[in-house]
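Here the protein sequences line up with chains A and B, keeping their order. The first sequence begins at 1 in this note's numbering and counts up one residue at a time. The second sequence begins at 1 in this note's numbering and counts up one residue at a time.
Calculated from the structure, these hints are not laboratory results. Just so you know, even glycine gets a beta-carbon here, dropped at the ideal spot from N, CA and C. Where hints are given, some of them may not hold.
Stated by the list, open to error - The list that follows gives simulated cross-link-like pairs (lysine-lysine, BS3-like), each with its CA atoms no further than 30 Å apart:
#  : chain 1 : residue 1 : chain 2 : residue 2
1  : A       : 38        : B       : 103
2  : A       : 113       : A       : 181
3  : A       : 185       : B       : 25
4  : A       : 209       : B       : 103
5  : B       : 89        : A       : 181
6  : A       : 113       : B       : 103
7  : A       : 46        : B       : 89
8  : A       : 305       : B       : 88
9  : A       : 328       : B       : 37
10 : A       : 188       : A       : 85
11 : A       : 303       : B       : 103
12 : B       : 37        : A       : 188
13 : B       : 25        : A       : 19
14 : B       : 88        : A       : 333
15 : B       : 88        : A       : 181
16 : A       : 328       : B       : 25
17 : A       : 62        : A       : 19
18 : B       : 88        : A       : 306
Stated by the list, open to error - Residues of chain B clear of chain A, computed beta-carbon distances all greater than 12 Å:
#  : residue
19 : 16
20 : 18
21 : 39
22 : 58
23 : 60
24 : 74
25 : 81
26 : 82
27 : 83
28 : 93
29 : 96
30 : 100
31 : 105
32 : 108
33 : 110
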Amino acid sequence: MICTGCSCLCEDIEIQDSKILNACEKGYKHISRFKESKAKNRVYGKEVDLDKAIESAVEILKSAKSPAIYGLDTTTVEAQRIAVKIAEKLNGYIDDNSSFCLGEFVEAILRKKIPSATLDEVRDYAYVLVYWGTNPYHSIPRHMSKFTYYPRGKKRNRGYDEDRFLVVIDVRRSETAKLAKKNAKFIKVEDDLELVDSFERALEGKAPKYDVAEIAREMKKADFNAIFGGLGLKYGLRGNYEKFFSFLNKANKFAPLYFIPAGFHSNMRGFNETLFEEVGEVNKFSFIEKRSDPNFSFPELLKNKKIDVALIVGTDPMSSLPFDVSEKLYEIKKVVLDPRETFTAKNAEVSISSAFSGIECGGEMVRSDGVRVKLEPIEKAEIDDVYILRRILEGL
Amino acid sequence: MMRIAKFLKFEAFFVVARYSWEQEKAVVYLNPEFAKKAGIKSDDVVLITKGERSLKFRAKLLETAPENGGLIPNSIFANYLLDFQNFKKFNAYVEIVEGEESKAEEVIRRITEKK
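Using the sequences and the hints given, assemble the complete structure.
Right, here's the structure in full:
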């Protein structure tokens with residue numbers, strides 16, 4: 001089966017005699033606990049059957065003056081497509097976690113502003129591997145062993161201590177940073193923008209502020225290098241994405257350097273690609289204004305009191321958004337579709353129990369590098385996000 | 001024996017990160033050197049205060065935590081303290097307190113009571 005515990009979407013998970021094989025700790029928990037704390041169908045706190053829950057969801061959405069659809073990063077591409085149709089039908093907003101996660105990077109890749117590659121290409125060809133503002137040890141635990149640092153590839157067949165050069169950039173000496181020993185470098189970053197400057201200067205042969213000259217030399221030796229950027233990089237850039245994109249493109253004049261976003265929900269990239277195909281934007285989109293805008297991100301819509309109803313799919317914003325946003329979320333009506341009894345589901349006007357994508361239902365997801373995979377569920381639930389969203393769309 | 005550290009409050013640097021092992025409880029992983037300086041031991045309950053908000057966390061020691069503070073797993077507890085201006089890292093005060101670590105239900109209550 002394919003693990004949907006994170007954006008690696010590891011395809012080599014096996015279930016033998018109820019044992020889960022090959023999964024990392026995160027994936028193991030994701031798969032083994034799927035039957036725990038299942039959501040219930042509820043309307044205003046009272047348990048109801050599915051039909052009643054869907055009917056109430058439709059009523060609330062129909063009566064909304066300004067609705068938003070949010071989440072969708074753990075569901076399938078098929079469900080995401082229906083959700084986009086619902087947002088269009090409602091003349092509402094649609095957004096996912098990528099608006100405060102790595103959406104800017106995925107957008108730059110889809111618009112071909114920066115060069116990217118697949119993880120399979122990284123495994124076969126990459127020499128310098130830069131983990132910037134991410135700690136795969138915890139966030140994407142098999143990234144290094146399955147795709148990047150440890151495996152031997154077509155052109156990289158002599159093992160990691162000879163055929164890879166590992167760079168870890170972080171504000172602390174993380175577990176990943178501790179691996180940076182032989183043929184490797186750890187950079188403790190205080191200012192990511194200054195570090196970008198340093199890389200540019202080093203590649204041009206000038207003296208950099210940060211000690212990155214050796215990394216620049218190693219990059220120039222190779223015909224394939226990769227940066228995996230996480231949330232530490234995103235927030236470290238303080239909104240200056242263009243500066244980073246410009247650096248990536250300048251760097252490619254000296255040595256091939258590809259960027260792959262690292263560490264997000266299983267199908268966040270799928271959402272970005274689905275919306276991009278439908279409307280030409282990756283997130284924070286308004287169907288009334290027919291455009292994307294920072295003010296249309298779900299947190300901003302809540303903070304500015306621009307929405308009165310939210311259809312939330314497969315995410316728990318009451319738990320995952322900052323307090324000043326989650327308290328605003330509590331003030332509006334919420335329809336929640338989730339397999340799990342989340343805090344948001346418990347506090348929603350309507351909660352609809354769904355299925356775990358990849359475990360209880362199939363469909364398509366998109367890996368962090370853009371590779372599409374077909375899920376292979378171990379059970380087949382009758383009720384999943386596609387079924388529920390389709391019925392909501394029909395009801396509207 | 002009286003612990004002087006119980007009367008002290010320290011400014012610390014916190015990183016919020018995905019952490020596989022503990023996201024359902026209010027746990028802060030302090031750098032051992034920082035914890036020693038602040039007189040905090042493993043399993044102490046500490047109050048972390050950022051601006052007007054504070055929560056109680058169970059302290060654990062972790063070598064990979066930032067040198068001058070600690071790591072809080074990405075969780076409802078971390079998100080209660082932070083905002084988008086300080087989404088992955090922030091400065092806050094930490095002090096030893098009595099009692100147990102805060103529960104998720106307590107955070108939810110604070111969210112819902114504001115309505």
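TODO: Classify the label on residue 105 of chain B as holds or violated, using whether its beta-carbon is more than 12 Å from each beta-carbon of chain A.
DONE: The claim is violated: residue 105 of chain B sits with its nearest Cβ about 9 Å from chain A, within 12 Å.
Task: Cβ separation check - residue 93 of chain B to all of chain A, threshold 12 Å - done: The assertion about residue 93 of chain B holds, with a minimum of 17 Å to chain A.
Open item on the list: Does residue 58 of chain B clear chain A by more than 12 Å, comparing its Cβ with all Cβ atoms of that chain?
Closed with: It holds; residue 58 of chain B is separated from chain A by about 18 Å at its closest Cβ, greater than 12 Å.
Open item on the list: According to the definition I'm using, a residue is off the interface if its beta carbon is farther than 12 Å from all beta carbons of the partner; does residue 110 of chain B meet that for chain A?
Closed with: violated, 8 Å
TODO: Compare the distance between the alpha carbons of residue 88 of chain B and residue 181 of chain A with 30 Å, and conclude whether the hinted pair is satisfied.
DONE: holds, 26 Å
- [ ] Verify the proposed pairing of residue 62 of chain A with residue 19 of chain A, using a straight-line Cα cut of 30 Å.
- [x] Not OK: residue 62 of chain A and residue 19 of chain A at ~45 Å, beyond 30 Å, violated.
Task: 30 Å limit on alpha-carbon distance, applied to hinted pair residue 89 of chain B and residue 181 of chain A - done: With Cα atoms ~26 Å apart, residue 89 of chain B and residue 181 of chain A stay inside 30 Å; holds.
Task: Restraint check for residue 185 of chain A with residue 25 of chain B, where alpha carbons must lie at most 30 Å apart - done: violated, 34 Å
- [ ] For the pair supplied as a hint, residue 328 of chain A and residue 25 of chain B, confirm whether the alpha-carbon distance does not exceed 30 Å.
- [x] Roughly 24 Å between the alpha carbons, so the hint for residue 328 of chain A and residue 25 of chain B holds.
Task: Given as non-interface: residue 82 of chain B, partner chain A, CB spacing beyond 12 Å - done: violated, 6 Å
Task: residue 74 of chain B remote from chain A - nearest C-beta pair above 12 Å - done: About 8 Å separates residue 74 of chain B from the closest Cβ of chain A, which leaves it inside 12 Å; violated.
Task: Pairwise hint evaluation, residue 103 of chain B against residue 38 of chain A, where the allowed Cα distance is 30 Å at most - done: holds, 20 Å
The structure shown violates the earlier hints numbered 2, 3, 4, 6, 7, 9, 10, 17, 19, 20, 24, 25, 26, 27, 31, 32 and 33.
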